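Each chain, letter by letter, is given below.
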Amino acid sequence: AQSVAQPEDQVNVAEGNPLTVKCTYSVSGNPYLFWYVQYPNRGLQFLLKYITGDNLVKGSYGFEAEFNKSQTSFHLKKPSALVSDSALYFCAVRDIEGGATNKLIFGTGTLLAVQP
Amino acid sequence: DTGVSQDPRHKITKRGQNVTFRCDPISEHNRLYWYRQTLGQGPEFLTYFQNEAQLEKSRLLSDRFSAERPKGSFSTLEIQRTEQGDSAMYLCASSLAGTGPYEQYFGPGTRLTVT
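Protein sequences appear in the order of chains A and P. In terms of the numbering used here, the first sequence opens at residue 95 and continues consecutively. In terms of the numbering used here, the second sequence opens at residue 63 and continues consecutively.
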């Protein structure tokens, strides 16, 4: 079965420092991977995706993610964290076993807390 | 582009009552998804429409749940005889159809509390 794992429930980082939010995946075939961010009482906002091509993907708000096939990882990164980046981050993989629905399978989320 | 909208944003109901939620997708998107999110978890897929056709339903979607998208535009999700376990955030998302794995755009969600 396909899945994604976010091993950290929470990541704490000081403002201005680099941040990494980890994600590993398990899929058969080539993965289509996504990162979303959720602010309190809000829906999910799309940040970036990896489909094919360069392993380093750039997205919204200065975020980027590195796809590593050998380690089956897709970690989210930002060179310099802002307090406003504090939110819940979800990694997701497209379900390719369920036909052509493109439905997403989400991880459990990682709460990012950026201290001033 | 006004994004995906959902109504109501919050719903409190008593156990056993029926509730209905509405989702308006981005206008040019013909794919529409419903997900459910409980506290501390990521969203879980419930059902999917392409245009007006409901093409997939999760096993999470019991017989008490029904979804429609009558004209291929807005969608409704109805829960009959609500139970406390139905308390969750119900998220709607839409995307373009085509050959690409297009990203899904989510609405703000409807938070359901069953008392």
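Don't read these hints as lab results, they were simulated from the structure. Just so you know, not all the hints are guaranteed correct.
What the hints assert, rightly or not - Restraint ranges, calculated between C-beta atoms of paired labels, are given here: (1) 133(P) / 155(A): 30 to 38 Å; (2) 138(P) / 104(A): 31 to 39 Å; (3) 112(A) / 133(P): 47 to 55 Å.
It should be emphasised that the depicted structure is a prediction, and the values quoted were computed from it without experimental measurement. All residues carry an ideal CB built from backbone N, CA and C; glycine is no exception.
Quick rundown of the hints versus the structure:
Distance hint check for residue 133(P) and residue 155(A): the Cβ-Cβ separation is about 36 Å, which falls inside the suggested range of 30 to 38 Å. Taken as a hint, the range 31 to 39 Å holds for the pair residue 138(P) and residue 104(A), whose Cβ atoms sit roughly 36 Å apart. Judged by the Cβ atoms, the range 47 to 55 Å given for residue 112(A) and residue 133(P) holds: they are separated by roughly 48 Å.
In the structure shown, no violation is registered for any of the earlier numbered hints.
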